[in-house]
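So the sequences go chain by chain: C and R. Residue numbers for the first sequence follow numbering that gives the first Met the number 0, so the first one is 0 and each next one is one higher. Residue numbers for the second sequence follow numbering that gives the first Met the number 0, so the first one is 0 and each next one is one higher.
Don't read these hints as lab results, they were simulated from the structure. Please read all numbers here as calculations on a predicted model, not as lab measurements. Among the hints, erroneous ones may be present.
Partner residues aside, some chain R positions facing chain C, computed with beta carbon under 10 Å [claimed, not checked]: (1) Asp66; (2) Phe97; (3) Asn127.
Distance condition first, Cα-Cα at most 30 Å in a straight line; then the derived DSSO-like pairs of lysine-lysine [what the hints assert, rightly or not]: (4) R:Lys27 to C:Lys147; (5) C:Lys32 to R:Lys81; (6) R:Lys81 to C:Lys35; (7) C:Lys35 to R:Lys72; (8) C:Lys178 to R:Lys88; (9) C:Lys46 to C:Lys60; (10) R:Lys72 to C:Lys182; (11) C:Lys178 to R:Lys56; (12) C:Lys284 to R:Lys27; (13) C:Lys32 to R:Lys96.
The beta carbon of each residue, even a glycine, is placed where N, CA and C say it ideally should be.
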Amino acid sequence: MPTFMRTTLALCCAGWLAATGPVLADDAKPELKPVKLTTTADHTKFKELQQVFNSGPEVTKACLRCHTEAAGQIHRTKHWKWEYLNPQTGQTLGKKTVVNNFCISVASNEAACNSCHVGYGWKDASFDFKSEENVDCLACHDTTGNYKKPSGLAGNVVTKDMEFPPGSGKILKAIDLSKIAQKVGKSSRDTCGACHFNGGGGDGVKHGDLDSSMSAPEKEVDVHMDATGLDFTCATCHKTSSHDVAGSRYTPTAKDSKGAHLRGKADNGNPATCVACHDNAPHKKEARLNQHAAKIACQTCHIPSFARGGIATKMTWDWSTAGQRDAEGKHITKKDAKGRIIYESRKGDFTLGENVKPEYVWFNGQVTYTLITDKIEKTGQRTPINKIGGSPSDGKSMIWPMKVFRGSQPYDPVNKTLVTPHTAGNDDTGYWKNLDWDKAIAVGMNTSGHPFSGKIDFIKTEMSWPINHMVAPKEKALGCVECHSKDGRLAGIPGIYIPVRDNNKLLDTVGWAIVFLTLLGVFGHATLRIVTARRH
Amino acid sequence: MKFTNQLTVGVALSLLASAAFAYDADWKRGRVYYRSVCTSCHAVQPVGTINPSSKTKAEWAAYLKGDKHAKGKDTVKQYVSKAYRASIKSGNKAAEKFAAVPDQELLDDIAAFLTKGAKDGDAPASCN
Numbered sequence: 000m001p002t003f004m005r006t007t008l009a010l011c012c013a014g015w016l017a018a019t020g021p022v023l024a025d026d027a028k029p030e031l032k033p034v035k036l037t038t039t040a041d042h043t044k045f046k047e048l049q050q051v052f053n054s055g056p057e058v059t060k061a062c063l064r065c066h067t068e069a070a071g072q073i074h075r076t077k078h079w080k081w082e083y084l085n086p087q088t089g090q091t092l093g094k095k096t097v098v099n100n101f102c103i104s105v106a107s108n109e110a111a112c113n114s115c116h117v118g119y120g121w122k123d124a125s126f127d128f129k130s131e132e133n134v135d136c137l138a139c140h141d142t143t144g145n146y147k148k149p150s151g152l153a154g155n156v157v158t159k160d161m162e163f164p165p166g167s168g169k170i171l172k173a174i175d176l177s178k179i180a181q182k183v184g185k186s187s188r189d190t191c192g193a194c195h196f197n198g199g200g201g202d203g204v205k206h207g208d209l210d211s212s213m214s215a216p217e218k219e220v221d222v223h224m225d226a227t228g229l230d231f232t233c234a235t236c237h238k239t240s241s242h243d244v245a246g247s248r249y250t251p252t253a254k255d256s257k258g259a260h261l262r263g264k265a266d267n268g269n270p271a272t273c274v275a276c277h278d279n280a281p282h283k284k285e286a287r288l289n290q291h292a293a294k295i296a297c298q299t300c301h302i303p304s305f306a307r308g309g310i311a312t313k314m315t316w317d318w319s320t321a322g323q324r325d326a327e328g329k330h331i332t333k334k335d336a337k338g339r340i341i342y343e344s345r346k347g348d349f350t351l352g353e354n355v356k357p358e359y360v361w362f363n364g365q366v367t368y369t370l371i372t373d374k375i376e377k378t379g380q381r382t383p384i385n386k387i388g389g390s391p392s393d394g395k396s397m398i399w400p401m402k403v404f405r406g407s408q409p410y411d412p413v414n415k416t417l418v419t420p421h422t423a424g425n426d427d428t429g430y431w432k433n434l435d436w437d438k439a440i441a442v443g444m445n446t447s448g449h450p451f452s453g454k455i456d457f458i459k460t461e462m463s464w465p466i467n468h469m470v471a472p473k474e475k476a477l478g479c480v481e482c483h484s485k486d487g488r489l490a491g492i493p494g495i496y497i498p499v500r501d502n503n504k505l506l507d508t509v510g511w512a513i514v515f516l517t518l519l520g521v522f523g524h525a526t527l528r529i530v531t532a533r534r535h
Numbered sequence: 000m001k002f003t004n005q006l007t008v009g010v011a012l013s014l015l016a017s018a019a020f021a022y023d024a025d026w027k028r029g030r031v032y033y034r035s036v037c038t039s040c041h042a043v044q045p046v047g048t049i050n051p052s053s054k055t056k057a058e059w060a061a062y063l064k065g066d067k068h069a070k071g072k073d074t075v076k077q078y079v080s081k082a083y084r085a086s087i088k089s090g091n092k093a094a095e096k097f098a099a100v101p102d103q104e105l106l107d108d109i110a111a112f113l114t115k116g117a118k119d120g121d122a123p124a125s126c127n
């Protein structure tokens, strides 16, 4: 054997040993082959996924060859239907139907809004909700972080670089669906957050307790999701069954008296409540705090403020000031000292907040929406977009923290209804392009199928968002004086006696008088005893 | 011929071994380490922040390959090493959590995050 061959062979063997040796040594169990421990299937090995995909539905077809029931399961969910019948109120809700005071409504804006739909191609009412291949598996199962559904493409993905909007000079880069499909895995904070962190048109805009700081948060931001600690994903609490995600904004569980969830228990209820893990009496050292838990939601003390991750949330939005142009007729953008947008011609004025103290209300879980079909009188009061049910005496309510988002939005003063303007879109009637309310509202109302008088006014509204996330470490929970004081956080909460807040001058005077007289009696009695004892 | 066959088998084994055990970098773990450990010193003061999006993918690749930290005063690898993690783990939860991760894996994780978060990456990222 020539020397160079021997040397090469020796080097190859050494290479093999070097590559395998450390693994075997580390495992200390040479019979176990190295495997991925976070999944039961390495999708790179599936031939179905080893191909070029030219569209999202092509990927879905490949997924469904193995996951035969998945699309049918998705079809039954709110994430797919964007429609929900509230059994408590009988209202038909869901993103397809409700009106809010952020971007207002989906109707006629599907191509933009539906980049957050778990489907492909929902651009108008013709969308086929029975199509299996239109289900978007990757929106929730991407692990690469590279999966993107740009606004304006009706939930479709870009597989070839394209200019969008046409003529704008902006290029949307293609994504590699094959690579993404081969790396699918469980949902994560990043996949849920792609939509839920960006609700209302931007990072942190809508919820206040959900923004991109929750992608990999520190303990101070969220004790459960802390990326270097408990590292919960959204699905840890929002436990999913048959692709249906637990927890609802339309029928929240305001009071969970069922205790901690147990395996095998017949009716475990909503797994996304605090009680589902912590039980109804979670305070082991300070039992008195468990009495508080009978009337006060955990979130009230344990989420002292929202928007704590360094990203501001929108607190007000005044659509009535939209439409201004500069001297050259161009759109205007104004920013605050921190460089955050506070005015846009296409949207109006905003105010933003960080570390915002919530507002507090009695809440029993019932939320009644003001729908496009409801008649509204314009008064001095703000119209509630969603009316939060609850009272101190109904036995179902707890004191909850809320983000209350206030705004002014377009309104039909003749029909006395909210309206659904066509905002997004690169067409002549899209408000964000042409700043023309008349056209935008006429088209939007026609699309949503509701009458429009042609008259436009603006009405003040407010919308409440129960605060659930950004749970602080227990050391940062509210202290006693935050509520037990005259001007504390619960100053306006009726129907409950809160010591210090609720002291009564007359009662206090009588009480202190009794204390004084008691002490006087004790000292007087003692004095008499001492004096009489000396005489004897 | 016999030796040629053996040689071929040897080369194949070697390639297979490296393929079978090729590490699949975890950009999310890299993100946590970068933001918790690197950023703990690279704050606004006194060192200055370094956003992943402040460099291109090529610049980050060259930086990691060059392995020069603080203009060559020490190495980048040093700050990713098990020894370094052990030295700071009492005060840094990311160092504690990833204490046992092999050095090269963690370096690959960080490289994956920086590639992704670079100026021309798929998702330009900040420090926070």
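Hint by hint, here is what the structure shows:
no. : hint                : in the structure
1   : Asp66               : violated (21 Å)
2   : Phe97               : holds (8 Å)
3   : Asn127              : holds (6 Å)
4   : R:Lys27 to C:Lys147 : holds (17 Å)
5   : C:Lys32 to R:Lys81  : holds (25 Å)
6   : R:Lys81 to C:Lys35  : holds (22 Å)
7   : C:Lys35 to R:Lys72  : violated (38 Å)
8   : C:Lys178 to R:Lys88 : violated (35 Å)
9   : C:Lys46 to C:Lys60  : holds (13 Å)
10  : R:Lys72 to C:Lys182 : violated (39 Å)
11  : C:Lys178 to R:Lys56 : holds (19 Å)
12  : C:Lys284 to R:Lys27 : violated (37 Å)
13  : C:Lys32 to R:Lys96  : holds (25 Å)
Hints 1, 7, 8, 10, 12 from the earlier list are contradicted by this structure; the remaining hints agree with it.
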